[in-house]
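Based on the hints, put chains B, C and D in the right spot on chain A.
Number of protein chains: 4
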Amino acid sequence: MDPKSIVDKMMQLDAYSQWMGINVLHIEAGACTLSCLVSKEMLNGFGIAHGGISYALADSALAFASNSHGQQCVSIETSIAHIKPTQLNDTITANCTEIQKGKTIGRYVVNVTNQHNELIARFNGTVFRSEKTW
Amino acid sequence: MDPKSIVDKMMQLDAYSQWMGINVLHIEAGACTLSCLVSKEMLNGFGIAHGGISYALADSALAFASNSHGQQCVSIETSIAHIKPTQLNDTITANCTEIQKGKTIGRYVVNVTNQHNELIARFNGTVFRSEKTW
Amino acid sequence: MDPKSIVDKMMQLDAYSQWMGINVLHIEAGACTLSCLVSKEMLNGFGIAHGGISYALADSALAFASNSHGQQCVSIETSIAHIKPTQLNDTITANCTEIQKGKTIGRYVVNVTNQHNELIARFNGTVFRSEKTW
Amino acid sequence: MDPKSIVDKMMQLDAYSQWMGINVLHIEAGACTLSCLVSKEMLNGFGIAHGGISYALADSALAFASNSHGQQCVSIETSIAHIKPTQLNDTITANCTEIQKGKTIGRYVVNVTNQHNELIARFNGTVFRSEKTW
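Those sequence lines, one after another, are chains A, B, C and D. For the first sequence, the working numbering begins at 1 and goes up steadily by one. For the second sequence, the working numbering begins at 1001 and goes up steadily by one. For the third sequence, the working numbering begins at 2001 and goes up steadily by one. For the fourth sequence, the working numbering begins at 3001 and goes up steadily by one.
Chain A on its own, in the form it takes in the complex (with noise of 0.2 Å):
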């Protein structure tokens, strides 16, 4: 299966994606680039996006971008820094890329940015390359 295939497969099943509003903007072998719009649902308590919002964007990158070489991959740890508060409306954008493709693991880095291009979060994944394919 191709990248754009997996993908697809792989966010259509995917009912935390859709609750997000994820749009699949860009996907090649290795990369990828998301967006949602911040609701009023992911709000926490100050008023800004709960910090389970960005993760999550960067973290279906990771498995995006992670699994579009066609081999199953899954996440054995991932960090992220919240470098700049997130307000409602504004629209997310996480863009994964590859730093490492080896035999067993991968790894990758999602810098997530709002509609302004500043820096709101950086993510850092590794995953465990698997025999299975898609």
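One thing to keep in mind: the hints can contain errors.
What the hints assert, rightly or not - 20 Å max Cα-Cα, derived DMTMM-like pairs, lysine to aspartate or glutamate:
#1 B/K1132 - B/D1008
#2 B/K1132 - D/E3131
#3 A/K9 - A/E28
#4 A/K40 - B/E1041
#5 C/K2009 - C/E2028
#6 A/K103 - C/E2131
#7 A/K101 - A/E131
#8 B/K1009 - B/E1118
#9 C/K2040 - D/E3041
#10 B/K1103 - B/E1131
#11 A/K103 - D/E3118
#12 C/K2084 - B/E1098
These aren't lab readings, by the way, just hints derived from the structure by calculation.
What follows is chains B, C and D alone, placed relative to chain A:
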């Protein structure tokens, strides 16, 4: 303000934690325990809970535990390892404890377990302790 | 091979751990305790131990604890928070415990303390458990 | 003080960076490039460079790059992924760049490469920017 009042106030305004159906099981200065039920909207394309769900539960636990001392805290750096898949209708519980309470920095670890008391995720969080109080 | 023999073999060939003067205080399957004395060569430009010293002690502890099950393990991802400065002639002790022993992944936490039993660093490590045995 | 003078001063007093034979190849505000030669004393029990060596080189790069703005900085959180083994007599180079320069927080990434320009380690570091100046 005491720990319980601070968390009540944070929780009351937190639309996303409410969407997740988070229950505050225990709160004390520097520690807390939260739980939620995994619903259909929380599943990803593999039919298991999206990584963003256990992250968000742990991140709320970090926010409540660190702010409960009375000083306002913001997250600097968080990481999570997803250890075991979580299924529909599982109840997941995040237990946050304090590693360090410094002048400007606080460090916390969160264990996320399921109803069988199996570790499903392990989260580490570092916060900046501001001078603003609740 | 038993845990102690594996670590003896690893330690015997480990020129850098020898340069550091590492003592193996305790070893069992999945856990170990190491210590060393902070010498003049280990200090940085602030007159305290270089961050690389407590990292290296913790990283050796990770290697010994994870390999001691008998399966060869390689580090995937490590992180360390430096909590308290370490002075010349301090004795620092790294205590490594196992969080998870999966089929292919192992997870460990290492607390590094000084002779006053103060936490000076906290380290997390994830290893890949290969099929090669000792 | 300018970036070069700050790093000269830090390096001059840094016994451990001197033991490692660190060369400062480039320094500017918020960035630097360091290298060193892997000697026999730096090898572990597998006959490759101990993980503490590439960590220490990257950690020195973090210290020099972050302090070179003139404000004293201390490390809050660092992580490193060891990607490729390093052999005796390899020359390793750490290139540190700035992701964020906030009021109190700075974030940096360090790529460590060998003489064949292969990525051997990837390091992320977060510092606290104190009010003390050089």
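Does the structure break any of the earlier hints, and which numbers would those be? Of the numbered hints, just 8 does not hold.
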